[in-house]
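Trainee: One-letter residues, chain by chain:
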Amino acid sequence: MEHKSVLIIGGGIAGIQASLDLANRGFQVYLVEKSPSIGGRMAQLDKTFPTMDCSMCILAPKMIECGHHPNVKLLTYSEVKEVKGSVGNFKVKVLKKPRFVDESKCTGCGICSEKCPIKVPNEFDMNLGMRKTIYMPFLQAVPRVATIDKDNCLLFQKGVCEICQKFCQAGAVDFDQQPEEITLNVGAIIVATGFDMFNPEQIPPFGYKRYKDVITAMELERLLCASGPTGGQLVRPSDGKMPKSIAFIQCVGSRDRREWINNAYCSSICCKYAVKDAVLIKEHDSHAMITIFYIDMRAFGRGFQEFVNRAKAEYGINFTRSNPGEITEDPETKRLTIWFEDNVTRTVKSLTFDLVVLCTALVPRKDSAELAKTLGIETDNYRFFKSPDLISRPVDTTVPGIFACGYCLGPKTGDIPDSVTQASAAAARIAEVLAEVTKQ
Amino acid sequence: MKYAFFIGCLIPARELGYEISVRKIMPLFGVELVDMENVNCCAPFSIQSLDYASWLSLAARNLCIAEEMGLDVLTLCNDCYESLLMTNTLLKENKELREKVNSVLATVDKEFKGKIKVKHFIDVLYDDVGVENVKNAVKTPFHGLRVGVQPGCHLTKPKRLHFGERIGIKALDELVKATGVKSVDFERKEACCGGPMRGINDAVALQVAKQKLDGLKNAGVDCIVTVCPFCYLELDLGQLEIKRHLNVEYNIPVVHFAELLKIAMGMPLEDWEIRSHKIPLAKVLEKMKEAK
Amino acid sequence: MDEAKVGAFPARARADFMHEVANTPRGRGVLLCIQCGRCTNSCPVARTTDEYNPRKLVETVILGLRKEVLLGNLPRYCLSCFTCLDRCPQGGDIGEVMFAIRNLAAKEGNVPEGIIVQAKNLFETGRVVTPTRMALIQRERYGLSKDISIGIDEAQKILKKTSFVELISKKV
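Residue numbers (the working numbering), protein chains in the order written: chain A, 4 to 443; chain B, 245 to 536; chain C, 5 to 176.
No lab work stands behind these hints, which were simulated from the structure alone. Treat the numbers as computed from the prediction; the structure is a model and nothing was measured. Glycine included, every Cβ here is placed at the ideal spot set by N, Cα and C. Worth double-checking, as some hints may not be accurate.
Stated by the list, open to error - Only some residues are given here: those of chain B computed to face chain C with a beta carbon under 7 Å: (1) 256; (2) 257; (3) 284; (4) 298; (5) 301; (6) 380; (7) 440.
Kindly produce the complete structure, drawing on both the sequences and the hints.
Mentor: Have a look at this one:
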């Protein structure tokens with residue numbers, strides 16, 4: 004039966020789509036996700052461009068379908084440790100990290116989080132909001148099961164507490180849970196591990212982390228989201244007030260060939276998400292002054308240029324073709340000054356903003372090289388996974404039977420629809436390849 | 245530790261206080277400075293604007309002299325530093341270029357071999373002497389004194405030339421702080437002083453300096469600390485010119501880092517040294533005394 | 005000069021000028037420019053005067069306006085502070101390109117008076133700044149050596165071997 008089993012690494016939109024496609028064709032799918040819930044980056048987004056659909060509204064049904072599908076086995080909070088064998092017969096070792104909550108018993112009622120006394124920054128909210136040390140990363144998490152963050156838990160660190168255990172009516176909290184090694188036998192593998200956001204601290208003149216009101220686009224996304232840390236209120240981190248003037252800076256870490264950054268590529272989605280975020284802000288506050296500083300407005304794809312045109316004409320968003328070199332902060336008012344060249348007068352000017360959003364590059368996952376080694380697949384010089392033939396086999400990797408989809412393949416894949424398309428393509432490739440292997 | 249001492253043109257002609265301070269301090273840290281004989285101008289940016297081969301050959305000749313001495317070069321001036329460091333790096337990396345320059349150097353019986361390093365006085369203090377030792381040598385730490393550090397451009401820029409050697413201006417800040425002072429952040433700290441614009445467009449030069457002085461004034465510093473002789477001139481003498489032409493008065497004293505360190509190590513400035521500063525030092529020297 | 009100001013655009017433009025700059029030492033970065041303007045936004049001079057804008061100057065080079073660039077004095081406005089070298093996302097080294105442009109301008113006889121003075125000083129004394137008599141007296145008084153050893157002859161030999169002497173005797 005092993006030819007009918009498949010491993011998918013990464014539970015974002017690409018991994019979810021591939022899982023559903025294969026599961027619906029009768030394959031047994033093992034979906035391994037590192038974090039406590041599937042959902043990935045798309046779960047963190049407020050709206051998707053250019054249709055301004057609610058991101059979670061599209062994603063959540065797919066997540067739930069994945070969670071309930073008889074042919075999908077979710078292995079969340081788990082990591083792939085070892086892969087041996089070849090197409091048609093891979094032996095995979097997966098490490099299931101202890102979440103200290105029995106998945107079969109937890110009802111997801113949330114009383115444990117409510118009673119837990121320790122608050123820590125919530126990674127899902129880009130550390131802008133807080134969560135408890137026993138938590139579900141977000142409301143629509145799948146599986147709907149709590150996880151204890153051992154590094155911050157009072158019991159594990161100081162030896163006292165156990166409050167969550169006392170309040171859990173299902174008796175699901177299990178402090179003695181051990182790491183579990185699971186061995187799987189699968190015919191093929193899909194890698195869909197997505198991307199990390201570029202850390203703009205690598206470009207010190209932008210003052211990220213030095214200036215509170217310089218934030219990344221992903222942080223803005225959480226601030227704009229109704230389920231985010233501020234309930235969808237856009238506020239300046241420094242004083243909690245609503246920003247009246249906002250600047251977006253494009254290509255932060257993208258198209259940057261400097262040797263200590265080495266991201267020559269265009270990340271391909273930042274222009275689009277910046278315009279989307281700008282429009283969203285305008286919908287929050289029609290009086291907000293918004294300027295997008297860009298190098299080239301790369302709004303290719305169906306509906307995007309029209310979207311940009313609307314952003315200018317209907318929403319009054321300013322587009323300035325000038326790439327700022329630095330941001331300075333007034334130590335008292337915390338307002339941020341940007342120097343730029345006015346496109347019409349061609350003179351150098353400065354403007355002061357309440358909030359500056361850095362549209363940071365999408366970069367390979369920190370551990371992508373390690374995963375590539377585990378899988379035996381090759382990466383390109385940026386550490387994105389490599390296709391042996393970009394034209395005729397774009398979702399293959401350099402190892403037969405291992406496929407990839409989504410942004411882990413690099414910036415040639417643009418947005419969510421692209422990732423979904425690739426996921427279906429990878430699923431179809433698996434069906435094809437495994438049918439071939441079975442015949443032999 | 246022994247270094248081939250490349251003093252440059254400007255310092256021995258106009259900033260004797262800087263020279264004397266360095267000559268007094270460095271031996272106390274066990275750094276011996278051996279004056280380079282028979283050198284020529286480093287070929288600063290003004291000369292580089294004329295001709296590429298002239299620059300590289302003049303700079304390389306100086307490097308050859310240090311190679312013959314078997315010593316790494318120590319410079320005090322940011323311009324000398326950048327010119328010699330760039331030449332040294334380019335010629336070490338590029339064989340073709342090295343051969344071309346060596347064909348010019350043959351006329352003066354020199355050959356660039358690429359055997360030595362070029363260091364700034366700050367590099368030597370930071371890398372060889374170490375911040376801890378500098379701190380230990382300070383007899384009277386000036387706690388409470390607020391200084392604005394003017395690193396100058398070519399101590400740290402371009403990054404790729406200095407990469408791995410020091411962590412930008414942080415190293416200089418650490419050394420300055422070793423004297424007990426507070427190094428205050430100010431707007432335009434990493435920017436140019438405007439000096440190179442002298443003789444091209446003096447009005448613009450003053451405006452560039454003014455941007456910086458505005459930042460320093462807003463930060464409320466007691467004095468400016470420089471390491472480059474050109475920055476020193478631009479910020480010290482420049483204040484008088486800004487007063488004359490733009491009618492803005494700052495009155496912020498400017499001292500070389502070497503002078504600050506010398507005083508902190510218990511060697512007060514002589515009268516002539518104090519007088520050589522255009523903006524009177526009295527105010528800041530008084531504060532230094534109070535700090536004790 | 006006049007021709008450069010009044011001539012019709014196509015007649016003035018020299019299509020190969022960008023490559024002339026690129027093929028001059030330190031000029032290669034001009035080929036990398038994507039006109040993003042980060043050099044301008046980082047430039048301390050561009051903030052103080054509308055005359056100078058490094059992005060625009062490179063644009064003029066790309067457009068092939070050779071005379072405007074080489075016979076004007078805008079390339080001299082660059083302070084060589086090298087902020088743009090660290091900031092240019094393409095590694096275009098605009099501050100370095102300025103040296104290529106200035107070297108080409110020097111070949112056309114366009115060198116500012118101040119630089120001629122320094123260059124002559126260098127040729128005659130081996131250094132660009134010479135101490136005044138007063139300074140030498142002071143040196144002695146404060147216990148510094150009065151003789152600063154300078155290799156004038158050797159410097160002259162080198163400068164005669166390169167095009168230095170020829171360049172400083174040329175005037176527009």
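Trainee: Give a verdict on every hint.
Mentor: Against the structure, the hints come out as follows:
1. The interface hint given for residue 256 of chain B is met, as the beta carbon of that residue sits about 5 Å from the closest beta carbon of chain C, less than 7 Å.
2. For residue 257 of chain B, the interface hint holds, the least distance from its beta-carbon to any beta-carbon of chain C being 4 Å, beneath 7 Å.
3. At about 4 Å, the closest approach between the beta carbon of residue 284 of chain B and any beta carbon in chain C falls short of 7 Å, and the interface hint on this residue holds.
4. With a least beta-carbon distance of about 4 Å to chain C, the hint placing residue 298 of chain B at the interface is held under the 7 Å criterion.
5. Hint status for residue 301 of chain B relative to chain C: holds, with the closest Cβ pair at about 5 Å, below 7 Å.
6. Evaluation of the residue 380 of chain B hint against chain C yields a violated restraint, the C-beta minimum of about 27 Å exceeding 7 Å.
7. The interface hint given for residue 440 of chain B holds, since its Cβ lies 4 Å from the closest Cβ of chain C, which is under the 7 Å cut-off.
Violated hint for the displayed structure: number 6, the only one.
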